[in-house]
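Protein chains in written order, with our numbering: chain P, 1 to 348; chain S, 1 to 348; chain H, 1 to 348; chain G, 1 to 348.
Hints are computed from structural coordinates only; laboratory data are not their basis. Any given hint might turn out to be false.
Any copy, or any two copies together, can satisfy a pair, since identical chains are not distinguished.
To be verified - Calculated lysine to any residue pairs in the SDA-like style (CA-CA distance at most 20 angstroms, straight line):
{"no.": "1", "residue 1": "K190", "residue 2": "T59"}
{"no.": "2", "residue 1": "K190", "residue 2": "V46"}
{"no.": "3", "residue 1": "K190", "residue 2": "A39"}
{"no.": "4", "residue 1": "K190", "residue 2": "R212"}
{"no.": "5", "residue 1": "K190", "residue 2": "P254"}
{"no.": "6", "residue 1": "K190", "residue 2": "A206"}
4 protein chains.
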Amino acid sequence: MPYSVAVAGASGYAGGEALRMLTAHPEFEVRRATAHSNAGERVIDVHPHLRSLADLRFTETSPEQLAGHDVVVLALPHGTSGAIAAQLPDETIVLDLGADHRLTSAADWARYYGGEHHGAWAYGLPELPHADATRQRAALVGARRIAVPGCNVTAVSLGLVPGILAGVIEPRDLTAALAVGPSGAGRALKTNLLASEILGSAAPYAVGGVHRHIPEILQNVRLAGGVDPTISFTPVLVPMSRGILATVTARLVPGTDPAAVRAAWESLYADEPFVHVLPEGAFPTTAAALGANTALIGLAVDEDAGRVVIVVALDNLVKGTAGAAVQSLNIALGLPETLGLPLDGVAP
Amino acid sequence: MPYSVAVAGASGYAGGEALRMLTAHPEFEVRRATAHSNAGERVIDVHPHLRSLADLRFTETSPEQLAGHDVVVLALPHGTSGAIAAQLPDETIVLDLGADHRLTSAADWARYYGGEHHGAWAYGLPELPHADATRQRAALVGARRIAVPGCNVTAVSLGLVPGILAGVIEPRDLTAALAVGPSGAGRALKTNLLASEILGSAAPYAVGGVHRHIPEILQNVRLAGGVDPTISFTPVLVPMSRGILATVTARLVPGTDPAAVRAAWESLYADEPFVHVLPEGAFPTTAAALGANTALIGLAVDEDAGRVVIVVALDNLVKGTAGAAVQSLNIALGLPETLGLPLDGVAP
Amino acid sequence: MPYSVAVAGASGYAGGEALRMLTAHPEFEVRRATAHSNAGERVIDVHPHLRSLADLRFTETSPEQLAGHDVVVLALPHGTSGAIAAQLPDETIVLDLGADHRLTSAADWARYYGGEHHGAWAYGLPELPHADATRQRAALVGARRIAVPGCNVTAVSLGLVPGILAGVIEPRDLTAALAVGPSGAGRALKTNLLASEILGSAAPYAVGGVHRHIPEILQNVRLAGGVDPTISFTPVLVPMSRGILATVTARLVPGTDPAAVRAAWESLYADEPFVHVLPEGAFPTTAAALGANTALIGLAVDEDAGRVVIVVALDNLVKGTAGAAVQSLNIALGLPETLGLPLDGVAP
Amino acid sequence: MPYSVAVAGASGYAGGEALRMLTAHPEFEVRRATAHSNAGERVIDVHPHLRSLADLRFTETSPEQLAGHDVVVLALPHGTSGAIAAQLPDETIVLDLGADHRLTSAADWARYYGGEHHGAWAYGLPELPHADATRQRAALVGARRIAVPGCNVTAVSLGLVPGILAGVIEPRDLTAALAVGPSGAGRALKTNLLASEILGSAAPYAVGGVHRHIPEILQNVRLAGGVDPTISFTPVLVPMSRGILATVTARLVPGTDPAAVRAAWESLYADEPFVHVLPEGAFPTTAAALGANTALIGLAVDEDAGRVVIVVALDNLVKGTAGAAVQSLNIALGLPETLGLPLDGVAP
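Here chain P stands alone, though its shape is the one from the complex:
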């Protein structure tokens, strides 16, 4: 019998993708979708692509509506999931797609988000290596509370940590510039997210060290053994609905043999089902990861610049959000990690 699942905040893009991926999974059954402002409406009127859920209607978002399900996925605005989660039974598996339970440092939380810090949950990036040679995967086995990473964080972290762990790139003075689709910003009615503004244009935002994903990236780099990391991080909105193409650079550690660099990435991800290092000279596009739970990585050593360039492509709503949630859930429940998760992208 499948696990019963409820998705809270299911009228947004992240919630909608969670509905889609959970519905496609053989061991889950979506029994409830909540959405405050759409309560009473049919799911398919808000998400006309979700034909499988043609008979489901949104209900109010409340602990009462969410209780009684085996799994609850919270796709709520930052700062709101903590209070709801606190009222759910301990035995319920709760996944937070928002930021409330990602940061271990209360100081980071206070600086970048503000309000009450709820503490960190098991972090839903299974591939993340720790300095002690374990991976984050271990912490997800049997977990009952899971914080799904930010989408940009996943892209940048997966790009950096192999080199940090292997000691071939320096953790200080990292840079990342990301081409990102607007779906990562959610379904909010903001002028800068209108199609007329975004079509034919590229637009940076949160420039200069103020983006909320920065402390989360640095937290991951430290877990991989990076001491006192710093990063210049700039996202740029481009006219594609989904996708993140992260161009990440790091200084090559002096004395490192450039020919040895690639091995750090290839060895760390050799057995990972969803992270793929492309051959020398090949670099990924976001189209190749669209709809798939994969992160694709291309790598080059620029000896003139003294930097390693790592390009990471993923789908912000899949490996960046809902796919990561399902992957983590598979691990938590002892199911095969790849179950129900697409490996192939939808292209062109």
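Got chain P sorted already, so can you dock chains S, H and G onto it with the hints?
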């Protein structure tokens, strides 16, 4: 009486934009457009947007076809303009939109392009400051041979040189990641330039220090006083036909007061008609520069990362190519520098 | 001395384009821009592409703010311009970019818009032929009140009226399906106008005879001599910021020689500066009209289907709105009709 | 044990989508992919989204390479599949994604394609009703040769046939205008398919009754009982990689009660798993069908125009091509018709 102008290689995107801008200029008259593979066809059948030139037909590209005009604009593939230019009369003003006459270093030319090095012409980036406090503009007055910069080079150089000149950023360990539209790659029939490949996707290319615009950027940084500069440079194709959004970062020189950084950019460009530094907290989009001869610059100091982030937006075909040509031509001929050049973009 | 111009509702896309085109015109000077919700802000903060107006700020929209200018352009929501216009001096030239003064029939107004009918002004489509062989242009000479047509209306009407006037197509059972960019829907914060919804998708709206532009099209067809016209009209939002590509079909009048059809369009538009009939076998794209005040028309007779297919491309914000306003204003003031209006598009 | 499948012409977009969908199906195993010009290359180098096939390489396209598989899918250019198919064993199930075996009329074939007519195979549009109240589905049971419909044909036919069959719309004087993505035109290196040409633009093609899908649509309309049908058919390329949004109109049969029209569509498709009629007032977008094997239909009666407007959205590569192939194959093999086929789209 207007100057008579010929454009060679006018069937491509750069040549087409040169036709458009020269036609709109009150002092120029386009009398000839050449295009090897389209000779005999009407210009409007190849460029259906150029209604003003409905009566013009392409002719063969040859020195004979180009001779006898006051101005010749070469929009030819790299490596081919040098030979043609050598056969044009000295008194003709020749502008090369290609790379053949940009690099002063024969070694750079040999490494990045190969073949015969034709030597450098007056460089068509009027705003570029030299370490001696003059600007490149001076070299363009009365020039008869002008090399128009590469489009990515213009974006990155304009972003960097104020800080280099003022000594507030370090010339070593620069980084640049650019979101660029495919028109910069020309009208070539390549699979990776097909709409099906580019729509909905972001795709990096020339990753890892191999892009031909790198030596040209470094040449400009050195002119502004930067010693032994290095840059990690990564362009990413995104689904917009035109535009470059360059995210450039540089290390803040130790001991620099962050509050003093912005003044370097504002003072250098205070009187420039086409380069605009946005107010604190504002960053440009490519849409705001589309069709205009402007470069728009946003600036932030990221003290945590120890880097200055400079975001530059421009239209690769205008300020990045044909507009730069017309601006340089205005200077060369003693016309008002802004004559015939649009300041306002076409948006949304 | 240039005419002083005020634009009301200048923070939207139509108003912004009016500002852009009026600024580029040698005989007009934009002295005032009003915008209720943006009063006090700089124009350039709302329209970052309008560098020429860097020193202008929005003021409140009121008759007092608009009085005292030679020309007032109203870019206000439907139903609001009538009241404002009624309070402006008779000698002021007033152009309404909205719908309030387009329809001559009070019944049409009541059915499609509702509220008070303000009556029709001189209609700003100079090329529109009347059954008596005059053109709409005549009514614009010296006009002090001008209603600028709807953008879709211009595309469909220009496509149909030559055949109607010549009697080669039937006015009954017309069809039109339009691919349109979202800028035509304005800067409204609606979910269906978000980039995430529009990127990668095509979306019909106002299907089945309910679109407000229908009575206006039929009014124009009747003016050209069409008796009891009917039209099936369907607009489809597609992922381009600007542009209308109208595919219009009409039944060939029985007995008409198919070879004679094309002449109706060619002869009517032979001397029109802004409407261009492409050669046999050629059809227009919206890119070719982007930023230009042109309407491009392709034409085919489908004898099997018994229909003439007319494809019309134009820029909804230029020939569809602000360019039409300037063209009409040129005529009203006795200036050359083409003054200050671009003939060449911005492509690719 | 799964059926062994070979895909010929697998380096194009249709072939690539066939690989993707067959790989995702539990009863099929892709054992061979052929591609003349890519023979020897890895599938993943040509289709970087097909991670599941990372170990497969393209071989030459020849009967020898294709023999020995249970199923062969031909994704070859029009005019080339007939010769190959003739050399495959009778017991092999062969599906032709091209046009060679769609048309029953040799005269239609000669007029629209030319060359040898290979005769028609079982037609892969299971939902298509015949005038005798059966559906096309019956002809697919046990079929060993299947012709998959053209993508535009599927959209237009599904929109029209319910009304034809029910006798509420007239088969004469039909119209269809389609917004289509460039992937339907394949991976051909043509200037009009370059991203720079298609981004920001809408472009009609094959205007005026010359498109090859017209005889196929009329063949389907006749099968549904339409006598002497005619259609004006116009496709318009728009900037989305996938998707067809067909706006189809037909004259309401005089005397028909408009309120009774909708029932024709709803009743015909009530039990169809992949064709969905939206509620009154709702119309589909292509995004809602992206990646899914669904056709979504919206419907309105325009009494003023005397026409029924049917809007159909589908993914040209899925329900329009590869999904239709798999659906037909399921039927042919006696598998559940919906097996392995996605019902939910990938949106936004």
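Intra- versus inter-copy proximity for A206 and K190 (alpha-carbon distance at most 20 angstroms) = So K190 and A206 pass the 20 angstroms test inside one copy only (15 angstroms; across, 24 angstroms).
Within a copy, between copies, both or neither: where do K190 and T59 come within 20 angstroms Cα-Cα?
-> Answer is neither; intra-copy 25 angstroms and inter-copy 23 angstroms both fail.
Within, between, both or neither, where K190 and V46 count as close if Cα-Cα is 20 angstroms or less = The answer is both: 18 angstroms in one copy and 13 angstroms across copies each meet 20 angstroms.
From the Cα coordinates, with 20 angstroms as the cut-off, is the pair K190 and R212 best called within, between, both, or neither?
-> Answer is within; shortest intra-copy Cα gap is 19 angstroms, inter-copy 27 angstroms.
Homo-oligomer pair classification [P254, K190; C-alpha up to 20 angstroms] = So K190 and P254 fail the 20 angstroms test inside a copy (46 angstroms) and across (39 angstroms) alike.
Identical-chain pair category, K190 with A39, by Cα at 20 angstroms | between (22 angstroms within a copy, 19 angstroms between copies)
In summary, the numbered hints that this structure violates are 1 and 5.
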